[in-house]
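Protein chains in written order, with the working numbering: chain V, 1 to 291; chain W, 1 to 384.
In short, the hints are calculated from the structure, not lab data.
Just to be clear, a hint being listed does not mean it is correct.
Said to hold, decoys possible - What the simulated footprint calls covered on chain V by chain W, stretch by stretch (three residues with Cβ under 8 Å from a Cβ of chain W suffice, anywhere in the stretch; the number is not a length):
id, stretch
1, 44-55
2, 111-117
3, 137-146
4, 160-168
5, 210-217
6, 238-244
Stated by the list, open to error - Below, computed lysine-lysine pairings styled on DSBU-like, alpha-carbon distance capped at 35 Å:
id, chain 1, residue 1, chain 2, residue 2
7, W, 250, W, 163
8, W, 2, V, 56
9, W, 345, V, 150
10, V, 116, W, 174
11, W, 16, W, 163
12, V, 116, W, 250
13, W, 167, W, 81
No residue lacks a Cβ here, since even glycine has one placed at the ideal position from N, Cα and C.
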Amino acid sequence: MGFAMSILINKNTRLLIQGITGNEGLYHAREMLTYGTNLVAGVTPGKGGDWVLDGKVPVFDTVRTAVEVTGANTSVVFVPARFAPDAIMEAASAGVSLIVCITEGIPVKDMVIVRKCVTQKGVRLIGPNSPGIITPGEAKAGIIPGSITKHGTVGVVSRSGTLTYEVLFALLQANRGVSTCVGIGGDAIIGSSFISILEMFEADPHTEQIILIGEIGGMEEERAAEYITRNFSKPVIGIIAGITAPTDKRMGHAGAIIEGGSGQAKEKIDTLEAAGVRIAQQPEEVPDLLV
Amino acid sequence: MKLHEYQCKKIFAAYKIPVPRGQVVASAGEAKRVAEELVGRVVVKAQVQVSGRGKAGGIRLAKTPSETEELTRMILGMEIKGLPVRKVLIDEAVSISRELYIALVLDRTLGLPVLIGSPDGGVDIESVAHAFPERIVRIPLDPLYGLCDYQVRELALGIDLPKEYWKSFTSIAKGLWAVYDQSDAVLAEINPLVITLDHRLIALDCKMTIDDNALYRHPDLNEMRDPDVESPMEMEAREYGLSFVSMPGKVGCMVNGAGLSMMTMDMIHAYGGEPANFLDIGGGASADKAASALKILLSDSHVQVILINIFGGITRCDEVSRGILRVYNPTSMNTPIVARMVGTKADEGLKLLRNTGIITAEKLSEAAEKSVQIAYGVRNEYID
Numbered sequence: 001m002g003f004a005m006s007i008l009i010n011k012n013t014r015l016l017i018q019g020i021t022g023n024e025g026l027y028h029a030r031e032m033l034t035y036g037t038n039l040v041a042g043v044t045p046g047k048g049g050d051w052v053l054d055g056k057v058p059v060f061d062t063v064r065t066a067v068e069v070t071g072a073n074t075s076v077v078f079v080p081a082r083f084a085p086d087a088i089m090e091a092a093s094a095g096v097s098l099i100v101c102i103t104e105g106i107p108v109k110d111m112v113i114v115r116k117c118v119t120q121k122g123v124r125l126i127g128p129n130s131p132g133i134i135t136p137g138e139a140k141a142g143i144i145p146g147s148i149t150k151h152g153t154v155g156v157v158s159r160s161g162t163l164t165y166e167v168l169f170a171l172l173q174a175n176r177g178v179s180t181c182v183g184i185g186g187d188a189i190i191g192s193s194f195i196s197i198l199e200m201f202e203a204d205p206h207t208e209q210i211i212l213i214g215e216i217g218g219m220e221e222e223r224a225a226e227y228i229t230r231n232f233s234k235p236v237i238g239i240i241a242g243i244t245a246p247t248d249k250r251m252g253h254a255g256a257i258i259e260g261g262s263g264q265a266k267e268k269i270d271t272l273e274a275a276g277v278r279i280a281q282q283p284e285e286v287p288d289l290l291v
Numbered sequence: 001m002k003l004h005e006y007q008c009k010k011i012f013a014a015y016k017i018p019v020p021r022g023q024v025v026a027s028a029g030e031a032k033r034v035a036e037e038l039v040g041r042v043v044v045k046a047q048v049q050v051s052g053r054g055k056a057g058g059i060r061l062a063k064t065p066s067e068t069e070e071l072t073r074m075i076l077g078m079e080i081k082g083l084p085v086r087k088v089l090i091d092e093a094v095s096i097s098r099e100l101y102i103a104l105v106l107d108r109t110l111g112l113p114v115l116i117g118s119p120d121g122g123v124d125i126e127s128v129a130h131a132f133p134e135r136i137v138r139i140p141l142d143p144l145y146g147l148c149d150y151q152v153r154e155l156a157l158g159i160d161l162p163k164e165y166w167k168s169f170t171s172i173a174k175g176l177w178a179v180y181d182q183s184d185a186v187l188a189e190i191n192p193l194v195i196t197l198d199h200r201l202i203a204l205d206c207k208m209t210i211d212d213n214a215l216y217r218h219p220d221l222n223e224m225r226d227p228d229v230e231s232p233m234e235m236e237a238r239e240y241g242l243s244f245v246s247m248p249g250k251v252g253c254m255v256n257g258a259g260l261s262m263m264t265m266d267m268i269h270a271y272g273g274e275p276a277n278f279l280d281i282g283g284g285a286s287a288d289k290a291a292s293a294l295k296i297l298l299s300d301s302h303v304q305v306i307l308i309n310i311f312g313g314i315t316r317c318d319e320v321s322r323g324i325l326r327v328y329n330p331t332s333m334n335t336p337i338v339a340r341m342v343g344t345k346a347d348e349g350l351k352l353l354r355n356t357g358i359i360t361a362e363k364l365s366e367a368a369e370k371s372v373q374i375a376y377g378v379r380n381e382y383i384d
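Given the sequences, and given the hints that come with them, work out the whole structure.
This is the structure in structure tokens:
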């Protein structure tokens, strides 16, 4: 394959996994390797010098050494919530250009600092609480099952995990493939917004249309709608979960003011439709709306 | 996790934020005694975590200790928006000259805490923001520097606070920042912050929301959790590490992942039914966890049918099936189950459920439709 057509990760990605010796880390490391991802290193403080996955992947004590020895440029974080903020900042300081954080449950206060850190260092963070990224046929950085999607021209960006899998699966059933699928994460504070991913899809000549998967809470979808109206040239399909979710499951009044909206599904759907986004009521409808 | 007004006031007072003298009580007799100690008029305030307490009659002014006793007895017998009033706060009444608004809140988009103020306190601040956006002042904070004095002055000017109050206002704002920062709050709010007729600033009502993910480092705050806010089923679910919210419909749901859980609920609605709950068993659930989840659903008498939707990723469908079969007993059980599984070990999972009386479906749409038909029977056919 020549020049890779995708966003964020491809065949040339040199991946490292932080927390590779933990249960989850090791399980998914194997999945990523089996998928064909160029997994070059693992990091677990105190386990430097070990080899995992049948001696295929070296483990280092620090991200800095892993980067120096293997040339890793992307890190996936499987470290537990209490230690994940430190792990992300370590990766950001060690020279990788992309960090994907799978960990969920990181306190907001820690994420405020982490986001400031990665922004200052100019490192892209995806997540936390993200299923990761998959560029079908080339690489996966995270936990999205490789078997439910194939290479194609549809870009997918989502705030959800398993709902994303439903949509990928529905696309596969309809024989439609994906350029790259990015889970931006379901937490209040995340490294990359819908907009930053849409910008990359806009610039990627191989991606012809986009599916945006949103849910209640926050203003990510509304901001994406504004961006789509002004700057996005490709067709977009949207699917929003939470129409029936209880309305008090959101932040208090001051939270709603600062967001400038209610965070409810109806409002998000209306705003996206006004931006020309076609809304699917359920995952199985998505393929029918594709161009 | 939200805290009660009386809990917030106790915490705020420890940060030198002036609050009215007062005490929380659980009986009319205690209320009378507190009113006698406070001398003069008091306010009896229901301690329930809902907005609109006042309109519902949960906040009353009492002129005498015996009136306090009487009003407390009445309010303690109330239910406000479905929540029983178990405690009331007896606060000294304050003569108000002006009502202001001040809060610290997390701005998700900026990824920063923001100091918010308004000259229009005492009312629903959301409607102020909607009708008069220029009357809300927002100052984003850098978490590394915290709240600086100049930012407080900016806010004081923005809300037209007379200069004689700047000093005490600075102390209140900085106390609020300290409590927000040190408690891992995502919201710390004073509404209203009042200027009294005798020229003092007092925090008349306070709210706080603590980041659930940070509760592990605040065992003292975690103990303040109000059991009434959760139903017994919700509490049980939390103990099993399940995310569960009761709802009024008839179709029980058990799904892996929050987004997919909500989508499954939405589809039940789209097919003419209503979900009985939100239940996310999370990623990589064990048979034990699946069994606990199903047990909770079966214990709910409103549930007419249970829809299980598993998209296996980290979660293994066969593991979930083993959990289901541990609880499901086709001979004694009359709540029908519709199961739909895709992804990791789905074939194995569905095979285990075959010939057990559990209805299986291939597509989510089919599973949602079947569940609604079972729960609502005739009504659904009528709608179709």
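Hints and how they fare:
{"no.": "1", "hint": "44-55", "result": "violated (count 0)"}
{"no.": "2", "hint": "111-117", "result": "holds (count 5)"}
{"no.": "3", "hint": "137-146", "result": "holds (count 3)"}
{"no.": "4", "hint": "160-168", "result": "holds (count 7)"}
{"no.": "5", "hint": "210-217", "result": "holds (count 3)"}
{"no.": "6", "hint": "238-244", "result": "holds (count 5)"}
{"no.": "7", "hint": "250(W) / 163(W)", "result": "59 Å, violated"}
{"no.": "8", "hint": "2(W) / 56(V)", "result": "49 Å, violated"}
{"no.": "9", "hint": "345(W) / 150(V)", "result": "19 Å, holds"}
{"no.": "10", "hint": "116(V) / 174(W)", "result": "22 Å, holds"}
{"no.": "11", "hint": "16(W) / 163(W)", "result": "20 Å, holds"}
{"no.": "12", "hint": "116(V) / 250(W)", "result": "46 Å, violated"}
{"no.": "13", "hint": "167(W) / 81(W)", "result": "40 Å, violated"}
The structure is inconsistent with the numbered hints 1, 7, 8, 12, 13, although it conforms to all the rest.
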